[in-house]
Amino acid sequence: MISKEKILYKTAEGALFLSALFSVFITVGIIVVLLFETIEFFKEVPLIKFLTDTQWTPLFEDKHFGILPLLNATILTSLIAMIVSISFGLTIAIYMSEYLKPEKRMVLKPIMEILAVVPTVVYGYFALLFVTPVLKNIFPDISTFNALSPGIVMGIMIIPIVATMSDDAMQAVPNWLREGGFALGASKFQVTTGVVVPSALSGIMASFILGVSRAIGETMIVAIAAGQMPNLTLNVLEPMETITAYIVQVSLGDTPTGSIEFRTIFAAGMTLFILTFILNIISYFLKSKYRERYK
Amino acid sequence: MQEKKLINVIKDNFFPVAGAIAMFISLGVLFVLIIDVFKDGLIRLNFKFLTSYPSRFPEQAGILSAWVGTVWIMVLTALFIFPIGIASGIYLEEYAKPGKLKDFLEINISNLAGVPSIIYGLLGLQIFVYFLKLDRSVLAGALTLSLVVLPIVIVATREALKAVPLSLREGSLALGANKLQTILYQVLPSAFSGILSGVILAMSRAIGETAPLITIGALTYIAFLPTGPFTSEFPFITLAGLKDFFTVLPIQIFNWVSRPQKAFHANAAAGIIVLLVISLFINFLAIYLRIKFEKYMRRK
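Chains as they are written, first to last, in our numbering: chain A, -2 to 292; chain B, 77 to 376.
Quick caveat, the hints were computed from the structure, so don't treat them as lab data. For glycine and all other residues, C-beta sits at the position ideal for the given N, C-alpha and C. Every clue listed holds true.
With a Cα cut of at most 27 Å, we get these calculated BS3-like pairs of lysine-lysine:
no. : chain 1 : residue 1 : chain 2 : residue 2
1   : B       : K238      : A       : K3
2   : B       : K368      : A       : K101
3   : A       : K98       : B       : K371
4   : B       : K176      : B       : K255
5   : B       : K238      : A       : K98
6   : B       : K173      : A       : K1
7   : B       : K238      : A       : K101
8   : B       : K81       : A       : K185
9   : B       : K371      : B       : K238
10  : B       : K368      : A       : K98
11  : B       : K115      : A       : K133
12  : B       : K338      : B       : K115
13  : A       : K185      : A       : K101
14  : B       : K371      : B       : K255
15  : A       : K3        : B       : K255
Derived coverage of chain A by chain B (criterion: at least 3 residues anywhere in the stretch with Cβ under 8 Å from a Cβ of chain B; other residues may be distant):
no. : segment
16  : 198 to 211
17  : 267 to 273
Here are the in silico distance ranges between beta carbons for each label pair:
no. : chain 1 : residue 1 : chain 2 : residue 2 : range
18  : A       : D59       : B       : Y171      : 51 to 61 Å
19  : B       : I183      : A       : L48       : 25 to 35 Å
20  : B       : Y171      : A       : K98       : 34 to 44 Å
21  : B       : N122      : A       : D59       : 44 to 54 Å
22  : B       : M373      : A       : R290      : 20 to 30 Å
23  : A       : L234      : B       : L361      : 36 to 46 Å
24  : B       : R335      : A       : R288      : 42 to 52 Å
25  : A       : L56       : B       : F107      : 39 to 49 Å
26  : B       : I183      : A       : E41       : 31 to 41 Å
27  : A       : L5        : B       : L155      : 18 to 28 Å
28  : A       : A12       : B       : G175      : 19 to 29 Å
So here's chain A without its partners, still in its complex pose (with noise of 0.2 Å):
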């Protein structure tokens, strides 16, 4: 006999399950809508073109479909913010799980995390109007929409991600490692650099992972303060337009379902998901390697 109490209990199981299963309908719908697009918009550009072609000019007359221009900038702006994240983020990980005491740690660890709580529209402004003024007072031929200055900012809103994984990376390391170190003589900078880091590094590589993954992703900074010019360029004081700028400049105008100026935004949309998700994967194996070697 099946009791009543069996069937409540299987029933809310499944419906937990189907909850879990639901992120796991996000990520086919994602994959769906992006590979449906995308495939309606290489049946009118050759592959080819998309990824040779040095002009991205879809809105224009004359149309040239190569993504390269916005990729440029992605990465560009990307390289800047790992610069800046990566040498603060690394820094502040190692003093924060190695110099301070745990208390101090327990405090200033969610005061960087603020960082990461201000809205990147905000951040945006701050570039804009702030940063870009102060550069140009040390590169007089910045212009108003560059890659520098969202690069920088978009780095120091990257700091906390670095900074609080790298350390909690290095917290996983067993202090008889540390010990066995002191034990041979070696100072505190020999075993935070000889010992601490490299037994960490799986960790600490997987923030800087997930951090460019979020630079690559970000969109409101450069969509402010890079401009909206494709521009196939290393001139980091020149405005371009990243991925993500082209996806905003698309959405804000009214172009009709259906038009190829619609479905340029999946095919650039599908170039970054794809991006992202090779670094989230290898991120995410990176820290599981970590985690399960100091159990």
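Dock chain B against chain A, hints included.
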């Protein structure tokens, strides 16, 4: 000999000094940002600014439709993510058996947390706006944002459940309660403030999200409010507002920043002050709840 000592002194002090400087600079930037925004925006911030619609004339423009839209979206998003986020968290932490399925679900959520929010905007545009024909409505916006922040709630729920001691579960099971009863009457109440802190953290992220809402086509100029939820006729409550167009604070700020006129930048700064105060307040609330939860768990 003397030189070698000097190098060691430098090495020993490198991380304390460099770390403190790096931390000082990062927090200094935050400080400068806040000062800069207050310097630019405080003059525009008054009661009229909060109660006026946007306008072509910067001095008359306000954020009424923007903050009302933000409240609508926030309330709905919270309603959507609360049940699904917590239920997924419970399943993964309490029911899922270690194996391929659990690994897959975990990788999936970890990846979703890293998908750029603008991609969720593209998803919302196709599924909610066009396929379900919700148009650029409040409902479509809230559903889209719910997807963006759902992973945060799931992860936080799992962390909170993980912190509940095994002894509490065993005690309940020993008294004859089944697994479901144990979760409902013992584990969830103990983990509640931890879960709540996760939901609030998700809200502090959602309130600043701009890109996904722009992508689903939320308008940047709205001079009306969604239909209010209360009516004078029976049943005194209406959901008509769900179908209305909307804008939110960060979109209004973005719109003003993108204009070349300086007067609009002051409006943007004033809007930023409001947005910053709200999102920092929500964030502190989440941190406070988390600290309280951790203390409570340590007593157990």
